[in-house]
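Residue numbers (this note's numbering), protein chains in the order written: chain A, 1 to 162; chain B, 163 to 659.
Where hints are given, some of them may not hold.
Not close to chain A: a few residues of chain B, all C-beta gaps over 10 Å, as computed [said to hold, decoys possible]:
| hint | residue |
| --- | --- |
| 1 | ASN300 |
| 2 | ILE329 |
| 3 | ASN345 |
| 4 | VAL576 |
| 5 | GLY603 |
| 6 | VAL632 |
Listed below are the simulated SDA-like cross-link pairs for lysine to any residue, each with C-alpha atoms no more than 20 Å apart in a straight line [claimed, not checked]:
| hint | chain 1 | residue 1 | chain 2 | residue 2 |
| --- | --- | --- | --- | --- |
| 7 | A | LYS147 | B | SER215 |
| 8 | B | LYS499 | B | ALA512 |
| 9 | B | LYS407 | B | ALA349 |
| 10 | B | LYS389 | A | ARG126 |
| 11 | B | LYS616 | A | GLN33 |
| 12 | B | LYS447 | B | VAL410 |
| 13 | B | LYS616 | A | VAL38 |
| 14 | B | LYS389 | A | LEU129 |
| 15 | B | LYS389 | B | SER541 |
| 16 | B | LYS616 | A | VAL151 |
| 17 | B | LYS389 | B | SER620 |
| 18 | B | LYS499 | A | ASP37 |
| 19 | A | LYS147 | B | TYR213 |
| 20 | A | LYS147 | B | ASN569 |
| 21 | B | LYS499 | B | ARG511 |
| 22 | B | LYS499 | A | LEU148 |
| 23 | B | LYS499 | A | LEU149 |
| 24 | B | LYS262 | B | LEU399 |
| 25 | B | LYS616 | A | VAL34 |
| 26 | B | LYS499 | A | ARG150 |
| 27 | A | LYS147 | B | LEU184 |
| 28 | A | LYS147 | B | GLY567 |
| 29 | B | LYS389 | A | GLY124 |
| 30 | B | LYS499 | B | ASP254 |
| 31 | B | LYS443 | B | GLN408 |
| 32 | A | LYS147 | B | ASP177 |
| 33 | B | LYS616 | A | PRO28 |
| 34 | B | LYS411 | B | TYR213 |
| 35 | B | LYS499 | B | TYR516 |
| 36 | B | LYS389 | B | PRO547 |
| 37 | B | LYS616 | A | LEU149 |
| 38 | B | LYS616 | A | GLN32 |
If you're looking for bench data, these hints aren't it; they were derived computationally from the structure. In this text, a Cβ means the ideal position worked out from N, Cα and C, and glycines have one as well.
This is what each chain is made of:
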Amino acid sequence: MQFSDRVTGLFLVALGGLAAYGGSRLPPVPGQQVGPDVFPMVIGTGLCLCGALIALGVGKSFEEDPEDETLSATEVQSGPPDWWRGLMALIPPGLLLFYVLTVDRLGFVLTAGLMVLTTATALGARLRLAVPLAIVAPVLVHLLFSKLLRVPLPPGLIPMPW
Amino acid sequence: MSTLFEAIGMVCQTDVLIAILLSSIYGLVVGSLPGLSATMATALLVPVTFYLSPIAAIATIISASAMAIFSGDIPGALLRIPGTPASAAYTDEAYAMTRKGQPEMALGIGLWFSALGGIAGTISLMLLAPPLAEIALNFSTFEYFWLAFLGLMCATLVARSSPVKAIASMFLGLLVSCVGIDNPAGAARFTFGSVDLLGGIEPIPALVGVFAVSEVMRAMLTSEPPKLPYRRFGSILAGQIALTKQYVKPQVRGNIVGIIIGVLPGAGADMAAWVSYAMSKRFSKTPEKFGTGHPEGLIEAGASNNASLASGWVPALLFGIPGDTITAIAIGVLYMKGLNPGPTLFTERASSMYALYIIFILANIIMIPLGIVMIRAASHVLRAPRAAIMPVIVLLCAVGAFATGNNLYSVMIVAAFGIIGFVMERNGYPVAAMVLGIVMGTMVEQSFVTSIIKSDGSILPFFERPVSAVLASFTIAALLWPLGAWLWRLRSRPLAQ
Chain A
1 MQFSDRVTGL FLVALGGLAA YGGSRLPPVP GQQVGPDVFP MVIGTGLCLC
51 GALIALGVGK SFEEDPEDET LSATEVQSGP PDWWRGLMAL IPPGLLLFYV
101 LTVDRLGFVL TAGLMVLTTA TALGARLRLA VPLAIVAPVL VHLLFSKLLR
151 VPLPPGLIPM PW
Chain B
163 MSTLFEAIGM VCQTDVLIAI LLSSIYGLVV GSLPGLSATM ATALLVPVTF
213 YLSPIAAIAT IISASAMAIF SGDIPGALLR IPGTPASAAY TDEAYAMTRK
263 GQPEMALGIG LWFSALGGIA GTISLMLLAP PLAEIALNFS TFEYFWLAFL
313 GLMCATLVAR SSPVKAIASM FLGLLVSCVG IDNPAGAARF TFGSVDLLGG
363 IEPIPALVGV FAVSEVMRAM LTSEPPKLPY RRFGSILAGQ IALTKQYVKP
413 QVRGNIVGII IGVLPGAGAD MAAWVSYAMS KRFSKTPEKF GTGHPEGLIE
463 AGASNNASLA SGWVPALLFG IPGDTITAIA IGVLYMKGLN PGPTLFTERA
513 SSMYALYIIF ILANIIMIPL GIVMIRAASH VLRAPRAAIM PVIVLLCAVG
563 AFATGNNLYS VMIVAAFGII GFVMERNGYP VAAMVLGIVM GTMVEQSFVT
613 SIIKSDGSIL PFFERPVSAV LASFTIAALL WPLGAWLWRL RSRPLAQ
């Protein structure tokens with residue numbers, strides 16, 4: 001997930017270009033000097049400029065990332081290869097997507113249980129911890145949000161008694 | 163006077179007091195766990211605040227954030243891992259003190275001066291906000307445009323990364339705020355035919371993604387922090403009064419710097435701590451002692467980060483411009499609770515504002531006993547394995563986002579912004595600048611377009627009105643600063659070699 005400044009800079013140039021182009025195609029509003037197209041175009045141009053500067057390495061001398069020291073110290077040194085660990089990082093957003101896709105069919109408690117189980121095992125928990133957690137945490141969260149806060153969580157396959 | 167009594171009455175409601183107590187405990191626990199920041203603690207609280215009374219909702223945010231900023235010092239002092247980014251500046255110093263056999267002293271300083279700093283910040287809020295509100299009552303869209311613009315520039319100036327990347331992050335945030343039909347023309351922008359995107363991208367799910375999901379993603383790549391050995395502490399507060407008397411100057415300086423940084427939009431507690439620690443070292447009579455477990459820097463930076471919390475509410479309450487990432491969330495809650503930010507808040511809802519001050523003071527007072535309990539329980543709390551906490555965070559992100567709008571689209575936003583935040587942070591793009599862009603994009607555009615319509619297309623009024631002219635010159639100076647600094651470096655480099 002770590003790219004060179006050249007890559008991120010060029011990405012921003014492309015994004016800015018698209019934003020400016022998309023903005024320029026918006027219709028003007030009669031009687032309004034500054035229409036809806038102006039802001040996206042300004043932002044797009046700004047992004048393009050910044051992206052180009054970043055790709056060229058301008059402003060790099062200002063970077064002093066103190067957080068990096070503490071982060072890299074705790075980073076896993078051995079273990080699976082980089083690309084695998086990179087994929088591991090996609091587990092949390094992937095699980096959120098899984099939630100969106102399945103919660104209406106499977107119901108909250110079951111979906112949540114699977115999410116907790118996956119995250120816990122991915123972080124290296126033994127089943128002795130992960131399984132009870134996957135049972136208790138969804139039920140407690142359901143109790144809190146559905147009963148106390150009245151959030152309509154879908155019942156699905158395992159409806160809760162409350 | 164009657165407003166004050168009314169305010170006391172508002173705070174003394176049972177639900178408000180319970181909210182303060184529970185959110186304080188929550189803040190202490192979340193703040194002390196490495197990787198879980200104060201902003202994340204606040205973001206995850208938002209769905210709960212929906213169902214509370216307005217004052218109780220604000221109380222939960224204030225007390226949870228204040229406690230979390232203090233309790234981030236605990237793992238910093240005991241494990242050399244900051245619990246929140248706001249403690250990172252002085253973690254080495256605090257840990258050095260623990261190694262010297264004085265963990266009580268390090269934690270005591272964190273607690274005592276955090277509380278004092280928080281109270282100093284509250285006093286600044288009480289003193290600054292009402293007179294500023296008087297002035298702000300005369301503000302028109304021209305001034306609001308410059309204020310919002312200046313706020314955006316501030317966020318890029320104070321970021322601890324390359325200013326170009328900070329500006330790029332801000333533009334990204336502004337681009338996000340363009341999505342939807344919530345613009346002066348009511349045109350559907352960047353919706354790609356999606357009905358959900360017509361409503362735009364709400365800041366709160368985006369914040370939850372950037373601050374909570376990306377943190378869990380990061381946890382996937384790092385190893386578990388070491389376990390804390392059980393230890394018994396002596397008296398936590400012993401000697402703090404003596405230190406207060408001995409280090410008056412650093413403490414006052416820390417408070418003032420914290421207050422100033424808090425007021426600046428986008429710069430929050432972590433920035434305040436870094437600046438104050440560096441300042442303490444520069445002005446100290448004994449700079450060589452820094453890093454060896456010397457109390458001076460700890461006092462100054464510990465006071466500073468808590469002071470910045472309260473003063474961050476000044477621009478948030480007056481103009482709807484967040485002073486830091488925590489108030490960026492708080493603004494959303496204020497709108498939801500009918501306490502729309504603006505100078506009239508101080509005239510029409512004065513009792514609510516007094517209640518807010520009282521909650522701040524109260525939170526900083528109960529921080530001391532609760533903090534002592536937390537320090538003593540830290541060995542137990544910090545033993546909780548990460549594999550048990552992170553799954554619950556993911557779950558709360560999903561349910562919390564769903565609860566903000568009762569639709570699954572918010573959950574997708576959370577996931578998307580988790581990835582965006584993660585990639586940005588890895589590549590040195592400050593996420594706080596993006597957050598500010600998301601929160602303030604609409605305000606910048608709205609005030610600009612309204613002003614242009616009012617002035618019939620002329621941009622002169624942007625510079626003619628007195629306050630507007632002053633704000634404009636500040637903004638232009640802020641715009642030119644990175645360029646100037648770059649040129650200056652370029653010139654001074656050959657001399658240094």
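Do the hints match the structure? See the list:
| no. | hint | in the structure |
| --- | --- | --- |
| 1 | ASN300 | 24 Å, holds |
| 2 | ILE329 | 5 Å, violated |
| 3 | ASN345 | 5 Å, violated |
| 4 | VAL576 | 6 Å, violated |
| 5 | GLY603 | 8 Å, violated |
| 6 | VAL632 | 24 Å, holds |
| 7 | A:LYS147 / B:SER215 | 18 Å, holds |
| 8 | B:LYS499 / B:ALA512 | 15 Å, holds |
| 9 | B:LYS407 / B:ALA349 | 61 Å, violated |
| 10 | B:LYS389 / A:ARG126 | 17 Å, holds |
| 11 | B:LYS616 / A:GLN33 | 11 Å, holds |
| 12 | B:LYS447 / B:VAL410 | 14 Å, holds |
| 13 | B:LYS616 / A:VAL38 | 17 Å, holds |
| 14 | B:LYS389 / A:LEU129 | 17 Å, holds |
| 15 | B:LYS389 / B:SER541 | 9 Å, holds |
| 16 | B:LYS616 / A:VAL151 | 44 Å, violated |
| 17 | B:LYS389 / B:SER620 | 64 Å, violated |
| 18 | B:LYS499 / A:ASP37 | 33 Å, violated |
| 19 | A:LYS147 / B:TYR213 | 12 Å, holds |
| 20 | A:LYS147 / B:ASN569 | 18 Å, holds |
| 21 | B:LYS499 / B:ARG511 | 12 Å, holds |
| 22 | B:LYS499 / A:LEU148 | 19 Å, holds |
| 23 | B:LYS499 / A:LEU149 | 16 Å, holds |
| 24 | B:LYS262 / B:LEU399 | 18 Å, holds |
| 25 | B:LYS616 / A:VAL34 | 12 Å, holds |
| 26 | B:LYS499 / A:ARG150 | 18 Å, holds |
| 27 | A:LYS147 / B:LEU184 | 18 Å, holds |
| 28 | A:LYS147 / B:GLY567 | 17 Å, holds |
| 29 | B:LYS389 / A:GLY124 | 15 Å, holds |
| 30 | B:LYS499 / B:ASP254 | 41 Å, violated |
| 31 | B:LYS443 / B:GLN408 | 16 Å, holds |
| 32 | A:LYS147 / B:ASP177 | 18 Å, holds |
| 33 | B:LYS616 / A:PRO28 | 18 Å, holds |
| 34 | B:LYS411 / B:TYR213 | 44 Å, violated |
| 35 | B:LYS499 / B:TYR516 | 16 Å, holds |
| 36 | B:LYS389 / B:PRO547 | 9 Å, holds |
| 37 | B:LYS616 / A:LEU149 | 45 Å, violated |
| 38 | B:LYS616 / A:GLN32 | 10 Å, holds |
Checked against the numbered hints listed earlier, the structure breaks hints 2, 3, 4, 5, 9, 16, 17, 18, 30, 34 and 37; every other hint is satisfied.
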